[in-house]
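The primary structure of each chain is shown beneath.
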Amino acid sequence: MQLTFSKTNSSGYTITGFQGIDQATCQRLHSLGLQLGSVVRLVRQYPFHGPVIIEADNQQIGIRYAVFKRLTGGY
Amino acid sequence: MNLIINGVIIAAILALAGYQIVRAVQRSKKGKCAACDYDCEAKKMMEQAKKQAM
Amino acid sequence: MTTVALLGNPNTGKSTLFNELTDKYATVGNWTGVTVEKKLGTIKHSQVDVVDLPGVYSLNPITKDETVVTQYLLHNHPDLILNVTNANQLKRNLLLSIELLEFGTPVIIALNMIDDLKRSGHYYNFETLSENLGCGIRATNARSKEGLQQLREELVRSDSPTINQPLQLNYPFMINQAIRQASQALIADYGYPQKFARWLVIQFMNKNKVVRDYATHHQLTPLLNQQRYYDAQDFEDDIFQTRLAFIEDTLKAARQTLSTTTHVELTAKIDQWITHPLLGLPVFIGIFYLMFKLSFDWVGTPLSDTLDAFLSGPLSTGAAHWLTSIGAIPLLRSLIVNGLIAGVGGVLVFIPQIFVLFACISILEDSGYMARAALVTDRIMQLIGLNGKAFIPLIIGFGCNVTGIMAARTIEQPNERLITTLISPFMSCSARLPIYSLFVAAFFPHNQALIVLSIYFLGIIVALLMAKVYQILFKVKENTVFIVELPQYHIPRLDVIWHGTWDKGKGFIKKAGTIIFAGTVLIWLLSNLGPTGLVTSIDHSFSAQLGKLIQPLFAPIGIFSWQAISALFTGILAKEVITSSMMVLFHTGSQAGLIALIGQYFTPLSAYSLLVFILFYVPCFATIGTIKSETGSGKWALYSVVSSFIIAYALSFIIYQIGILFI
Numbered sequence: 036m037q038l039t040f041s042k043t044n045s046s047g048y049t050i051t052g053f054q055g056i057d058q059a060t061c062q063r064l065h066s067l068g069l070q071l072g073s074v075v076r077l078v079r080q081y082p083f084h085g086p087v088i089i090e091a092d093n094q095q096i097g098i099r100y101a102v103f104k105r106l107t108g109g110y
Numbered sequence: 281m282n283l284i285i286n287g288v289i290i291a292a293i294l295a296l297a298g299y300q301i302v303r304a305v306q307r308s309k310k311g312k313c314a315a316c317d318y319d320c321e322a323k324k325m326m327e328q329a330k331k332q333a334m
Numbered sequence: 022m023t024t025v026a027l028l029g030n031p032n033t034g035k036s037t038l039f040n041e042l043t044d045k046y047a048t049v050g051n052w053t054g055v056t057v058e059k060k061l062g063t064i065k066h067s068q069v070d071v072v073d074l075p076g077v078y079s080l081n082p083i084t085k086d087e088t089v090v091t092q093y094l095l096h097n098h099p100d101l102i103l104n105v106t107n108a109n110q111l112k113r114n115l116l117l118s119i120e121l122l123e124f125g126t127p128v129i130i131a132l133n134m135i136d137d138l139k140r141s142g143h144y145y146n147f148e149t150l151s152e153n154l155g156c157g158i159r160a161t162n163a164r165s166k167e168g169l170q171q172l173r174e175e176l177v178r179s180d181s182p183t184i185n186q187p188l189q190l191n192y193p194f195m196i197n198q199a200i201r202q203a204s205q206a207l208i209a210d211y212g213y214p215q216k217f218a219r220w221l222v223i224q225f226m227n228k229n230k231v232v233r234d235y236a237t238h239h240q241l242t243p244l245l246n247q248q249r250y251y252d253a254q255d256f257e258d259d260i261f262q263t264r265l266a267f268i269e270d271t272l273k274a275a276r277q278t279l280s281t282t283t284h285v286e287l288t289a290k291i292d293q294w295i296t297h298p299l300l301g302l303p304v305f306i307g308i309f310y311l312m313f314k315l316s317f318d319w320v321g322t323p324l325s326d327t328l329d330a331f332l333s334g335p336l337s338t339g340a341a342h343w344l345t346s347i348g349a350i351p352l353l354r355s356l357i358v359n360g361l362i363a364g365v366g367g368v369l370v371f372i373p374q375i376f377v378l379f380a381c382i383s384i385l386e387d388s389g390y391m392a393r394a395a396l397v398t399d400r401i402m403q404l405i406g407l408n409g410k411a412f413i414p415l416i417i418g419f420g421c422n423v424t425g426i427m428a429a430r431t432i433e434q435p436n437e438r439l440i441t442t443l444i445s446p447f448m449s450c451s452a453r454l455p456i457y458s459l460f461v462a463a464f465f466p467h468n469q470a471l472i473v474l475s476i477y478f479l480g481i482i483v484a485l486l487m488a489k490v491y492q493i494l495f496k497v498k499e500n501t502v503f504i505v506e507l508p509q510y511h512i513p514r515l516d517v518i519w520h521g522t523w524d525k526g527k528g529f530i531k532k533a534g535t536i537i538f539a540g541t542v543l544i545w546l547l548s549n550l551g552p553t554g555l556v557t558s559i560d561h562s563f564s565a566q567l568g569k570l571i572q573p574l575f576a577p578i579g580i581f582s583w584q585a586i587s588a589l590f591t592g593i594l595a596k597e598v599i600t601s602s603m604m605v606l607f608h609t610g611s612q613a614g615l616i617a618l619i620g621q622y623f624t625p626l627s628a629y630s631l632l633v634f635i636l637f638y639v640p641c642f643a644t645i646g647t648i649k650s651e652t653g654s655g656k657w658a659l660y661s662v663v664s665s666f667i668i669a670y671a672l673s674f675i676i677y678q679i680g681i682l683f684i
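Protein chains in written order, with our numbering: chain A, 36 to 110; chain B, 281 to 334; chain C, 22 to 684.
Read the hints as simulated data drawn from the structure, not as lab findings. Nothing here was measured: the structure is a model prediction, and the numbers come from that model. A virtual CB, placed ideally from N, CA and C, is assigned to each residue, including glycine. Some clues are possibly wrong.
Calculated cross-link-like contacts (lysine-lysine; reagent style DSS-like; alpha-carbon spacing at most 25 Å) [to be verified]:
#	chain 1	residue 1	chain 2	residue 2
1	C	K65	C	K85
2	C	K531	C	K85
3	B	K309	C	K531
4	B	K309	C	K527
5	C	K531	C	K649
6	C	K139	C	K273
7	C	K649	B	K309
8	C	K112	C	K273
9	C	K496	C	K649
10	C	K273	B	K309
11	C	K85	C	K496
12	B	K309	C	K85
If the Cβ cut is set under 10 Å, some of the chain C residues that face chain A in the computed set are [to be verified]:
#	residue
13	S79
14	Q262
15	F503
Isolated chain A (complex conformation) (with noise of 0.2 Å):
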């Protein structure tokens, strides 16, 4: 599954759709300035699939492994 990743550099990742995320995590990320197309940076990954750090526009926020995994196409 890996290879799918939309890799831009060594951390860096595409956003690529919001499928399959419910409607108020949709939200919360557009009014965060999240949307197709945006990079974000992989911060940090915490271990048993928990939440992940990612950075984007000069701000960190934290989501489910989850949801990044969508929004990085990785399912």
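Got chain A sorted already, so can you dock chains B and C onto it with the hints?
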């Protein structure tokens, strides 16, 4: 005379305590803590909205 | 009188700005949702009212506290909106600004935390921004009070604000046409002002829940009839895209590059440790241990002891002598010295410990650690169907369960909010601290902080387990909203810490004058009255009889003293009253005296069992009331009372019965 003054003071303390208990119970019913006096407009607005909804 | 509404995203320093501008102090925290409700203040030496509203990402609310903002705009008419933004994250901050600019009220945008922006090597041309957005732009840094004087003057001067045109974005043709049609109908048929009508239509298209309810409530047929069409065409998405494109163009035009400054990223450095994937949790626990160490070993307890020595020594003997000399009868003397001074004073001596603990929590809030705590605990919280955000109301619950339950409003899903509300009372609030402090001093003098920490963690563990049970019962889906913003760290500011501490702690002092006082008088009365009237020996009093009557029920958990049982009853008024009741019932004025006395009635094991029982047994009146009002049902409140009593009894039973096998 002395006894009366003593009695009045004791009665006053007891009455004040009773009043405080009654007040605390009433406030609790509205969902407030004895420590919080804050009754801002937002709270009032929300209560109004609740009434309207009903 | 003009009204200025303070609006902005969470974590933009809105509350700090509010406090700097006005006389009144609002609680500040470096965590989303510290301002759960609206706060009012007045600008010093002026006629300008300032309203501080909860931070929101957009006017379309997801959580309960966010609805306050939209409600406010629908029903109030501020003369000016001060939109506070984080200059460093202008892109998404402006998404909200656009919604406010469309509202039509004059807006001033404050680019707050301007220092962070400069440090990142960027700046904006304010004239370009102001021109594109059609509003005033000011740079501020609330924490260092930069630019505040000018802003204050401007707000006061804007007594008669110039009417500016609301922002009109170039939405796609279809949308523009629909907006025009609907708003014209609203103006013609309902008499709405043009600006408001337009804003209403856009918000309605944007699926704003509050506005849609408003439209239904007011029977706004021009909107309701079109709802299906709007949604089918996915106008919401087009509106978002248009706004974002506009913001990006504006920012690109206004962007300036400063000569790059070399600076050390403080936040990144600290976060290497604090949010470390493996060390994050141990650091979290360590920070809490340190908090209790400070409160119980290093700072709080020594101060409390000094206070206790004064209250039980010079003060109470002095009062007794004075009362005798002015001719007070023994009954009144007993009421004042053995009742009020011993009871109320007995609780007041714990002020130092409680304030130290609150100061620690305030530092955590102000520094920005709370958001990280939510993050590192999220994986564990996920196991029980909650998310890391639920941890914050729980931590706030350490101060007072009532405020903890209120803070649960920031949680998005109703079911999760209900669960958080139900488990909140298991968080050991500060009112329970005096009794712990007393018992650990008596039975565990060398491990005070550790024992208290264990009680707190027991509360957390039981809360989490119960949450898991509720998750299964309510069939909460695993998939929950969890998005948490990690703010930059701030070096805590002394005045903010002090105000935060005072804000949390003043309630405790106030309670001493009201409910603790009342509870003390009640228990004094019960211990001096018996079925035959005034009693000379406390053993014949009501409180003794009541305690002895149900003593068999408490024997299995190791509580044999009727004094403790009676104290538990009055504790429902407020948990501090347990301590003052014990002072009165054991007839002692000093902490030291009481410690010596309870040594005869308890063993370390039964003392621990009692503490566990006190941790859980029944929420206080205020908490019961809050559960009722926040869940909107008396059944949940009743359920909370019954279930917590069962848990309390079961746990202390297990601890005591297993304990006596070994000890």
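Here is what the structure says about each hint:
1. C:K65 x C:K85: Violated: K65 of chain C and K85 of chain C sit about 32 Å apart, past 25 Å.
2. C:K531 x C:K85: Violated - the C-alpha atoms of K85 of chain C and K531 of chain C are around 29 Å apart, more than 25 Å.
3. B:K309 x C:K531: 19 Å, holds
4. B:K309 x C:K527: 22 Å, holds
5. C:K531 x C:K649: Given pair K531 of chain C, K649 of chain C holds - Cα atoms ~23 Å apart, limit 25 Å.
6. C:K139 x C:K273: Cα-Cα ~16 Å, so holds.
7. C:K649 x B:K309: 8 Å, holds
8. C:K112 x C:K273: Given that 25 Å is the threshold and the Cα spacing comes to 10 Å, the pair holds.
9. C:K496 x C:K649: 22 Å, holds
10. C:K273 x B:K309: It is violated: about 55 Å lies between the C-alpha atoms, which goes past 25 Å.
11. C:K85 x C:K496: Holds, at roughly 22 Å.
12. B:K309 x C:K85: 21 Å, holds
13. S79: 5 Å, holds
14. Q262: This hint holds: Q262 of chain C lies near chain A, its Cβ roughly 8 Å from the closest one there, short of 10 Å.
15. F503: This hint holds: F503 of chain C lies near chain A, its Cβ roughly 5 Å from the closest one there, short of 10 Å.
Of the numbered hints given earlier, the model fails hints 1, 2, 10; all others are met.
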